[in-house]
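> Keeping their order, the protein sequence lines are chains A and B.
8 is the number of the first residue of the first sequence in our numbering; add one for each residue after it.
8 is the number of the first residue of the second sequence in our numbering; add one for each residue after it.
Hint data in this document are derived by calculation from the structure and do not stem from the laboratory.
Treat each hint with caution, since some may be false.
Since the list can't tell identical chains apart, any single copy or any two copies may satisfy a pair.
As the list claims (entries may be wrong) - Subject to a maximum C-alpha distance of 30 Å in a straight line, what follows is the list of computed DSS-like cross-link-like pairs (lysine-lysine):
| # | residue 1 | residue 2 |
| --- | --- | --- |
| 1 | K185 | K239 |
| 2 | K185 | K165 |
| 3 | K160 | K185 |
| 4 | K114 | K165 |
| 5 | K114 | K55 |
| 6 | K212 | K185 |
| 7 | K254 | K160 |
| 8 | K254 | K165 |
| 9 | K254 | K239 |
Keep in mind it's a predicted model, so treat the numbers as computed, not measured.
Protein chains: 2
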Amino acid sequence: MSTSTEPLEIRAILFDFMGTCLDWHGSLLPHLLPLPSHPSYPSELASKIQSDFLLQWRQSYFDANTLRISHNLPVENIDVTHLSTLETLLLTPTYSPWSPSFTAPIKDSLIQTWHHQIPWPDVLPALQSLSRGPHELFVHANGSTRLQLDLVKAAGLKWIFDMLFSSQLVGVYKPERKNYEWVMGVLGLEPRECVTVAAHTSDLKGAREVGMRTVYVRRWTDDIHDDQEIIKRENDAYLENMEDLGKVIREL
Amino acid sequence: MSTSTEPLEIRAILFDFMGTCLDWHGSLLPHLLPLPSHPSYPSELASKIQSDFLLQWRQSYFDANTLRISHNLPVENIDVTHLSTLETLLLTPTYSPWSPSFTAPIKDSLIQTWHHQIPWPDVLPALQSLSRGPHELFVHANGSTRLQLDLVKAAGLKWIFDMLFSSQLVGVYKPERKNYEWVMGVLGLEPRECVTVAAHTSDLKGAREVGMRTVYVRRWTDDIHDDQEIIKRENDAYLENMEDLGKVIREL
Numbered sequence: 008m009s010t011s012t013e014p015l016e017i018r019a020i021l022f023d024f025m026g027t028c029l030d031w032h033g034s035l036l037p038h039l040l041p042l043p044s045h046p047s048y049p050s051e052l053a054s055k056i057q058s059d060f061l062l063q064w065r066q067s068y069f070d071a072n073t074l075r076i077s078h079n080l081p082v083e084n085i086d087v088t089h090l091s092t093l094e095t096l097l098l099t100p101t102y103s104p105w106s107p108s109f110t111a112p113i114k115d116s117l118i119q120t121w122h123h124q125i126p127w128p129d130v131l132p133a134l135q136s137l138s139r140g141p142h143e144l145f146v147h148a149n150g151s152t153r154l155q156l157d158l159v160k161a162a163g164l165k166w167i168f169d170m171l172f173s174s175q176l177v178g179v180y181k182p183e184r185k186n187y188e189w190v191m192g193v194l195g196l197e198p199r200e201c202v203t204v205a206a207h208t209s210d211l212k213g214a215r216e217v218g219m220r221t222v223y224v225r226r227w228t229d230d231i232h233d234d235q236e237i238i239k240r241e242n243d244a245y246l247e248n249m250e251d252l253g254k255v256i257r258e259l
Numbered sequence: 008m009s010t011s012t013e014p015l016e017i018r019a020i021l022f023d024f025m026g027t028c029l030d031w032h033g034s035l036l037p038h039l040l041p042l043p044s045h046p047s048y049p050s051e052l053a054s055k056i057q058s059d060f061l062l063q064w065r066q067s068y069f070d071a072n073t074l075r076i077s078h079n080l081p082v083e084n085i086d087v088t089h090l091s092t093l094e095t096l097l098l099t100p101t102y103s104p105w106s107p108s109f110t111a112p113i114k115d116s117l118i119q120t121w122h123h124q125i126p127w128p129d130v131l132p133a134l135q136s137l138s139r140g141p142h143e144l145f146v147h148a149n150g151s152t153r154l155q156l157d158l159v160k161a162a163g164l165k166w167i168f169d170m171l172f173s174s175q176l177v178g179v180y181k182p183e184r185k186n187y188e189w190v191m192g193v194l195g196l197e198p199r200e201c202v203t204v205a206a207h208t209s210d211l212k213g214a215r216e217v218g219m220r221t222v223y224v225r226r227w228t229d230d231i232h233d234d235q236e237i238i239k240r241e242n243d244a245y246l247e248n249m250e251d252l253g254k255v256i257r258e259l
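Between the sequences and the hints, there should be enough to build the whole structure, so can you do that?
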């Protein structure tokens, strides 16, 4: 049992952002709903196809990053990746009938919508509470710094974090080992002083590989094809939301 | 005269940090005073020689950066630069008699003291007021990210800034043109949307050269050999402290 006289071990809490802290799905869906119904689907399934479309768009963004990593390509502006993955998705048989609805201004507007997301309801109280404690709190996520600056503002999370680390700043994507090593180097911290909190098993795998502790937060929008039982065994903690995050981190 | 219906032009306020926001001299002096008196100076001059020593140490840090820029050398950890400039200073005729007092633990402790500084008294109210306005506020300074994270905490300025930009992150020092261009690129801003606030004419010269607006804040500890009349003419505004900073920026 830890006591107040023991030295603090965990110094930094590194938060994945989209998915983990932010409800990207709930943020984008209202912007798709006004589009004309998909011609192959009855109108009562409009929200279902739009939801599926978003889940696939999100997955294709992850796939695009993974592909770039495997080809040793440099990090790309997330707006550019979001546009190219959207356009590819609209070429698939399922979504091509819908393609004429996605005019250039609508596509531009959707790309910008990723910069304005709402947090999951458990996030603000958990982060406010943690920010009053002894730890440093960081956004540690793929994407651009402009995206992260816009997101903390839109989500009401401005000034909660000590600093925002984007893959644009780091120069490589998570879960590449170099990404975590660069962040720890800049912070002057050892792996045992860091915990990564994410709704993505890949982020946590990268964190474990460098020796950080890991907390998985389950979000229905993310890791939708992963076996949750495996994830529960792999990480130091598994949470359904962030309500107990402070307690879990104190006990790591 | 600007009205509320006109588009906001200035979006980002970029603050130099040490010297401009922080009183490095007043922060370090108490850590030198307990050292044995310099053997060549009567004790009543103790604080004078210690103050001069600090001013020269600070200047030698600027000179070291300038030298690195002129030789196209990469940015260096500021702790390393502070140590090497301290050791060089202790080899000069003026300070070498004092050298035995600077044991290794004292030198290490002084290097760390640069991470714990107090703000000038006008800074906290000015920045708190600005942070409630429409602009984004950034630390934009040479040095390391660890230094800046420690300094915002020590100075009571945590969560005032939207983000901290160090030369370590940027990869080149101010006043190199590339430094400002990189920051504007990351922020997605044009020069006319940015104003640099600094107590260093060199920082502001770099900012002007890329087209930013500039506000000079006079601090007795910095630019001690510069002609203040020239500085007054060169910049969009010249202030004795930050009390009127908000007003000055609104009128730029």
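> Are any of the numbered hints broken by this structure? If so, which, sorted upward?
none
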